[in-house]
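*Asks:* Let's have the full structure, built from the sequences with the hints guiding it.
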Amino acid sequence: MRILIVDDEKTIRRFLKATLVSHGYDVFEAANGAEALKYAVSSHPDVIILDLGLPDMDGVDITRQIRERSKTPIIILSVREDESDKIAALDAGADDYLTKPFHAGEMLARIRAVMRRLLPQSEKSLFTVGKLSIDLAQHSVEVNGHPVHLTPTEYALLKVLVLNAGKIMTHGQILKEIWDKTEDVEEALHLLRVTMSNLRNKIEPDPDMPTYILTEPCVGYRLCTDL
Amino acid sequence: MKKSKAKQNKIVPYFVSIALVAITTFLGGFIRGAIEPANIVIFYLLMVVMTAVWWGRYPAIMTSLLSVLAFDYFLVPPYLTFAVSDVQYVFTFIGLLAVGLVVSALTSKTRQQAMDALGREEQTAMLYRLSKDLAASDSLAAVLHAIRMNVGGIFDCRVAVFLPADHGITPGSFDHDFPIDEHENTIAAWVFRNGKPAGWATDTLPASKAHYLPLNTSQGVFGVLGVFFKGDKAGLGPGAGNLLSALASQAAVAVQRAKLTEISRQMELIRETERLQTALLNSISHDLRTPLVTIMGALSSLLQDFSSIAAETRKELLETAYEESGHLNRLVGNLLDMTRIEAGALKMKTKPCELRDVIGASLHLLKDKLEKRDIQMHIPRVLPEILLDFTLMMRVLVNLIDNAIKYSAPDTPIELAVELLENKVKIEVKDKGFGIPEEDLVRIFDKFYRAVKPRQVTGTGLGLSICKGIVEVHGGQIFAKNNPDKGVTFTVMLPLEAKET
Chain A
24 MRILIVDDEK TIRRFLKATL VSHGYDVFEA ANGAEALKYA VSSHPDVIIL DLGLPDMDGV
84 DITRQIRERS KTPIIILSVR EDESDKIAAL DAGADDYLTK PFHAGEMLAR IRAVMRRLLP
144 QSEKSLFTVG KLSIDLAQHS VEVNGHPVHL TPTEYALLKV LVLNAGKIMT HGQILKEIWD
204 KTEDVEEALH LLRVTMSNLR NKIEPDPDMP TYILTEPCVG YRLCTDL
Chain B
527 MKKSKAKQNK IVPYFVSIAL VAITTFLGGF IRGAIEPANI VIFYLLMVVM TAVWWGRYPA
587 IMTSLLSVLA FDYFLVPPYL TFAVSDVQYV FTFIGLLAVG LVVSALTSKT RQQAMDALGR
647 EEQTAMLYRL SKDLAASDSL AAVLHAIRMN VGGIFDCRVA VFLPADHGIT PGSFDHDFPI
707 DEHENTIAAW VFRNGKPAGW ATDTLPASKA HYLPLNTSQG VFGVLGVFFK GDKAGLGPGA
767 GNLLSALASQ AAVAVQRAKL TEISRQMELI RETERLQTAL LNSISHDLRT PLVTIMGALS
827 SLLQDFSSIA AETRKELLET AYEESGHLNR LVGNLLDMTR IEAGALKMKT KPCELRDVIG
887 ASLHLLKDKL EKRDIQMHIP RVLPEILLDF TLMMRVLVNL IDNAIKYSAP DTPIELAVEL
947 LENKVKIEVK DKGFGIPEED LVRIFDKFYR AVKPRQVTGT GLGLSICKGI VEVHGGQIFA
1007 KNNPDKGVTF TVMLPLEAKE T
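The listed protein sequences correspond, in order, to chains A and B. Going by this note's numbering, the first residue of the first sequence is number 24, and it counts up by one from there. Going by this note's numbering, the first residue of the second sequence is number 527, and it counts up by one from there.
Treat the hints loosely; a few may be bogus.
Distance condition first, Cα-Cα at most 25 Å in a straight line; then the derived DSS-like pairs of lysine-lysine [claimed, not checked]:
1) B:K895 - A:K123
2) A:K182 - A:K225
3) A:K182 - A:K204
4) A:K199 - B:K877
5) A:K123 - B:K893
6) B:K898 - A:K154
Not the full set, but computed from the structure, chain A residues with beta-carbon under 7 Å of chain B [what the hints assert, rightly or not]:
7) R216
8) P228
9) D231
10) M232
11) P233
Worth flagging that the hints you see were computed from the coordinates, not collected in a lab. Keep in mind that this is a model prediction, so the values were computed, not measured. Every residue gets a Cβ at the ideal spot worked out from N, C-alpha and C, and that includes glycine.
*Replies:* What follows is the structure, given as C-alpha cells:
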C-alpha cells in the first residue's frame, strides 16, 4: 500500500511517516501543492493525505485537480478554523478529513475506511452495523432482526449512506444524490433534516443519541461501519 | 416685525405724555378761576415724575417742556396766548422746567439702575443655569451638549464647540446648521492659537460668518466657542458680548475639568487593563507551561534512557505525555475561542438546526467519558428548528456536559432536559455533584475563574466564559443554580427567533 503525505511542516511529515511506515505502508512525501500534483500521478498512491494549508496552492484546488485525473482516496488535514475550506474540499471530492491535532489511531482508522470502500461493489450489498442490517439487493432494512418500514425517501437516504459507509457525505452531496438538487438549498436542507430525524426514529436504538448515523457538524452525515 | 414693534413702543410714551399734559391742562381749565394757577403746577410736576418713572428721560423732558407751554398758554392770564401779564409767572415757568428736568434725570437714572439690576439678575440666572447643567454633565460629550444648549438658547443662535485635535482643531460638537467650512475652521484655529476672540463682530477677520471666543482658563486654551446668528445682525452689543464671555469662561472651566476627568479615567482604565493582562499572562503561561513540563520531561527521559526504563514505565510516561498534550490542545483552543469572542471576531454561521441533533452530536463527542454514566434525557419529540451556529452551540453543550461529568461522582446521573417556552427554548444540564458555593454562581462565568477545585479535576477556567460568550452572541442567556437537593443546574435560554447575523 502506497501513501502520499502532503504537508509543508517537516515535523508533521516525519511523525506521519514514522507511524505509517511502522504499519507497513510505503510512504512518499510532498511539501507543497506542485509536488503533490506531480506525485499524485507519478507515484501511484493508494491514499493521499493532504494538508489544506499549503503555502503555494489552495488545498481545495489541489483536491479538484487530483480528482480530475484520478479516483485515489483523499484524506484532508485541516485546522478547526478553516471549516468552510474543509466542506469545499469534501464537496470537491475529498473522502474524509482529520482535524489537527489528531490521534494516530484515528488516522489509521480513516485510512482503513477509505481503502475498504475501494473493494468491489458486490461485496457491499449486505451491510451490517450493530443491530442494523440493510440488504440493498432485497431493499430491506432490519433492526434487531425485525423488518423496519421506511418511506422511499428515507430508504434513498439510507442507501446513499450505505453505499458510502464510513465516509462523510456532505449535505450538498446527499441533496444531489437523492433529489438531484443544487438550488433552493435551504428548503431542501430542511427536508433532509426532517427525513434524517424520521429515519433515526425508526432505526436508532436511542434517536436522542444516534450511534449508527452520525452528524458531522455543519458538514453532513456519516454512517458508522463499526461500533 | 420685531423692529417695527420696538419703534412703536418708543413712540407711544411721547403720545401718552402729550395726552397726560392735555388732560392736566383740561382739568386745570375747570379750576383755573378758583385756585391760584401756581398750585396747578404741582399736578404738572406729578405728570413729569410719572413719565420719568415709566418711560425714562426723554419722554420726561418733553413732558416738562409741554407742561410749561400748556400752563402758560391755557392757565396763566391772559389766556390763549404765550404772553404773561404777571412777571412772577416767569419764575414759575423756570421752576417748573428746572424741577421737571432734574426729576426726570434722577428718576430715569434710578430706572436705568433698576433695569440694569434686572438684567444682571437675568444674566446671573443664565450663568447659574449653565453652571448647573455643566455640573450635571458627567462626560465631555455632555459638557459640550450643555454648552451648546445654553448658549444657543440664550442668544437664539447656532453654536459650535471646537476642541484641539491632532492637527489644530476640530468641531467637537455643533448645531447642524452652524456654518462649518475650511475658512471658519481656520478662524477657530487662529482663536485657539492666539487665545483671542475673532470673526464676526470683532476686529479680526470680521468678514467670517460666525463669532469665535477662546475657551480660556488659567491653564491655557481648551477649545473655541463659535456662535452664529442667522439673518443680518449688526453686532453683539456690549451686554451680550459680556454675557457671552462670561459663559465662555464658565464653559472653559467645565471643558477643562471634563478633559482632565477623561484623561484620568483613561489612565485608570489602562492601569486596570495592564494589571489584568499581567494576571492573565501569568495565569496563561502557568497553564501552558504545566502540560509542557510534563510532556517534555516524559519524552526526554524516554529519549535518554529508553532501554533502561521498564516497558511498563515507558508506557506510563507516554500516556502521561499524551494526556497532557490533549490538555494543552484544549487550552490553546479555549484561548483562541476566548480571544475571538473578546475581539468580537467570533463569526457565527447560523443555520436552522434541530436542537436534538446538536445534543446528540455533543453526546457523541463525549461518548468515551459518558460510557458508564447514567444520562437521563428529557427532550420533546417535536421541537421547532432554531437558527444556531451548530458547532458553536455544540461547544457550549459539550462544555456543560463535560463539567457535569467532571464535577460529580461517577455513579450519579446527569440529566439533560429541553423545554419549549413561549418564545424561547430552555436547555438544562443537571448534575448531582458537589454544587457551587452560592457566592460563586455568577463569577464562574468570568474568565479564568474556577470555583471548586477538587483534586483530579483539571480545567482552564475558560470553558464557562466561552459558553457565556457563545450563548450571548446567539441572543440567549446562561446561568447556574444549585439544586435544592444536590448538585447544580446550568440553564441555557435561547430565543426561538434567533437574532440574524
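*Asks:* Determine for every hint whether it applies to the structure shown.
*Replies:* Results of checking the hints against the structure:
no.: 1; hint: B:K895 - A:K123; verdict: holds (21 Å)
no.: 2; hint: A:K182 - A:K225; verdict: holds (15 Å)
no.: 3; hint: A:K182 - A:K204; verdict: holds (17 Å)
no.: 4; hint: A:K199 - B:K877; verdict: holds (19 Å)
no.: 5; hint: A:K123 - B:K893; verdict: holds (20 Å)
no.: 6; hint: B:K898 - A:K154; verdict: holds (21 Å)
no.: 7; hint: R216; verdict: holds (6 Å)
no.: 8; hint: P228; verdict: violated (12 Å)
no.: 9; hint: D231; verdict: holds (5 Å)
no.: 10; hint: M232; verdict: holds (5 Å)
no.: 11; hint: P233; verdict: holds (5 Å)
In the structure shown, a violation is registered for the earlier hint numbered 8 alone.
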